[in-house]
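Enquirer: Go by the hints and put chain E onto chain L.
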Amino acid sequence: KQEVTQIPAALSVPEGENLVLNCSFTDSAIYNLQWFRQDPGKGLTSLLLIQSSQREQTSGRLNASLDKSSGRSTLYIAASQPGDSATYLCAVRRSRDDKIIFGKGTRLHILP
Amino acid sequence: DAGVTQSPTHLIKTRGQQVTLRCSPKSGHDTVSWYQQALGQGPQFIFQYYEEEERQRGNFPDRFSGHQFPNYSSELNVNALLLGDSALYLCASSTPTGRGNTIYFGEGSWLTVV
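Chains as they are written, first to last, in this note's numbering: chain L, 1 to 112; chain E, 1 to 114.
Derived by calculation from the structure, the hints in this document are not laboratory data. Ideal Cβ placement from N, Cα and C applies to all residues, glycine included. Check the hints yourself; a few may be wrong.
As the list claims (entries may be wrong) - Here are a few chain L residues that face chain E, going by a calculated C-beta distance under 8 angstroms: (1) Gln-34; (2) Arg-37; (3) Asp-39; (4) Pro-40; (5) Gly-43; (6) Ser-46; (7) Leu-49; (8) Leu-89; (9) Lys-99; (10) Ile-100; (11) Phe-102; (12) Gly-105.
As the list claims (entries may be wrong) - Calculated lysine to aspartate or glutamate pairs in the EDC-like style (CA-CA distance at most 20 angstroms, straight line): (13) Lys-99/L x Asp-27/L; (14) Lys-99/L x Glu-51/E; (15) Lys-13/E x Asp-62/E; (16) Lys-104/L x Asp-85/E; (17) Lys-68/L x Glu-56/L; (18) Lys-104/L x Glu-107/E; (19) Lys-68/L x Glu-3/L; (20) Lys-68/L x Glu-52/E; (21) Lys-68/L x Asp-97/L; (22) Lys-42/L x Asp-85/E; (23) Lys-99/L x Glu-54/E; (24) Lys-99/L x Asp-30/E; (25) Lys-42/L x Asp-84/L; (26) Lys-99/L x Glu-52/E.
Isolated chain L, as found in the complex (with noise of 0.2 angstroms):
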């Protein structure tokens, strides 16, 4: 069963800061990994998408790898900002069956 893990459920620093938002899962065949981002009661918006191949995509401030064998990736955000408070997730898309699995997510706090 694949399971999707994110670390920390909630951070809070200071605006400027470089910070790194955790994911884990278990089952490493996968088609590729997203991280999203949900502003409150709203949709998911994509950030970066990373293919089982690749190692990392970058998208201005925001950088994700991904280590497949060891069933982990990073979102690093760059130079915080307030408006990047939200909740991100992240969601891999597994290879047997298709099906997309979500982590919880981690909310995010940038403190002015």
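Expert: Here is chain E on its own, set in the frame of chain L:
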């Protein structure tokens, strides 16, 4: 280019009633998946539709059913509503042949059962 659109955005129903939620996929996408997200939890997969048929199903009872139309839009129906069905219902669209491609989500439909 419109993304994934869902309706209604919010609704309140009484226990025992039935509800229908609607989703239009992103242009060029032919696969629609539905997810339930309870407060403080990650989205849970309900089912996926492709070519007007249910292709996969998560661990949800038969009270949850769906439909996909020839224009790829989809409906989620929930019968005999329970208080525990209160959640954000998310629709996602994708292409089946592009398993490496990004999946796009709508803004969701907030369902409150009282």
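Enquirer: Are the hints correct? Go through all of them and say.
Expert: Status of the hints after comparison with the structure:
Interface restraint check for Gln-34/L: the shortest CB-CB distance to chain E comes to about 7 angstroms, inside 8 angstroms, so the restraint holds. Checking Arg-37/L against chain E: minimum C-beta separation of about 11 angstroms lies over 8 angstroms; hint violated. With 8 angstroms as the threshold, the beta carbon of Asp-39/L stays out of range of chain E, its nearest partner Cβ sitting at about 10 angstroms, so the hint is violated. At about 11 angstroms, the closest approach between the beta carbon of Pro-40/L and any beta carbon in chain E exceeds 8 angstroms, and the interface hint on this residue is violated.
Interface restraint check for Gly-43/L: the shortest CB-CB distance to chain E comes to about 4 angstroms, inside 8 angstroms, so the restraint holds. Satisfaction of the interface hint for Ser-46/L is found here, the shortest Cβ-Cβ separation to chain E being roughly 5 angstroms, below the 8 angstroms cut-off. Because the smallest distance between the Cβ of Leu-49/L and any Cβ of chain E comes to about 5 angstroms, under 8 angstroms, the interface hint for this residue holds. With a cut of 8 angstroms, the hint placing Leu-89/L at the interface with chain E holds, because the nearest CB-to-CB distance is about 6 angstroms.
The beta carbon of Lys-99/L comes within 6 angstroms of a beta carbon in chain E, closer than 8 angstroms, and the hint placing it at the interface holds. Hint on Ile-100/L holds. Least Cβ distance to chain E is approximately 6 angstroms, under the 8 angstroms limit. The restraint placing Phe-102/L at the interface with chain E holds, with a minimum CB-CB distance near 3 angstroms, inside the 8 angstroms limit. For Gly-105/L, the shortest C-beta to C-beta distance to chain E is roughly 6 angstroms, which falls under 8 angstroms, so the interface hint holds.
Distance check on the hinted pair: Lys-99/L and Asp-27/L sit about 12 angstroms apart at the alpha-carbon level, within 20 angstroms; holds. Using a Cα cut-off of 20 angstroms, the hinted pair Lys-99/L and Glu-51/E holds, with the two alpha carbons roughly 17 angstroms apart. With a CA separation close to 19 angstroms, the supplied pair Lys-13/E and Asp-62/E stays within the 20 angstroms bound. Distance check on the hinted pair: Lys-104/L and Asp-85/E sit about 18 angstroms apart at the alpha-carbon level, within 20 angstroms; holds.
Proposed proximity of Lys-68/L and Glu-56/L is supported: the alpha carbons are some 11 angstroms apart, at most 20 angstroms. As the CA atoms of Lys-104/L and Glu-107/E are separated by approximately 18 angstroms, the hinted pair is consistent with the 20 angstroms bound. Among the hinted pairs, Lys-68/L with Glu-3/L is consistent with the structure: their alpha-carbon atoms are about 14 angstroms apart, no more than 20 angstroms. Using a Cα cut-off of 20 angstroms, the hinted pair Lys-68/L and Glu-52/E is violated, with the two alpha carbons roughly 34 angstroms apart.
With a C-alpha separation of about 18 angstroms, the suggested pair Lys-68/L and Asp-97/L falls inside the 20 angstroms cut-off, and the hint holds. Taken as a hint, the Lys-42/L and Asp-85/E pair is honoured in the structure, with Cα atoms around 18 angstroms apart against an allowance of 20 angstroms. Between the alpha carbons of Lys-99/L and Glu-54/E the distance comes to roughly 13 angstroms, so the proposed pair stays at or under 20 angstroms and holds. The straight-line distance between the Cα atoms of Lys-99/L and Asp-30/E is roughly 16 angstroms, inside the 20 angstroms bound, and the hint therefore holds.
Note on Lys-42/L and Asp-84/L: the hinted pairing holds, with a Cα-Cα distance of about 15 angstroms set against a maximum of 20 angstroms. Between Lys-99/L and Glu-52/E, the direct Cα distance comes to roughly 18 angstroms. Compliance with the 20 angstroms bound is thereby established for this hinted pair.
Checked against the numbered hints above, the structure violates hints 2, 3, 4 and 20; every other hint is satisfied.
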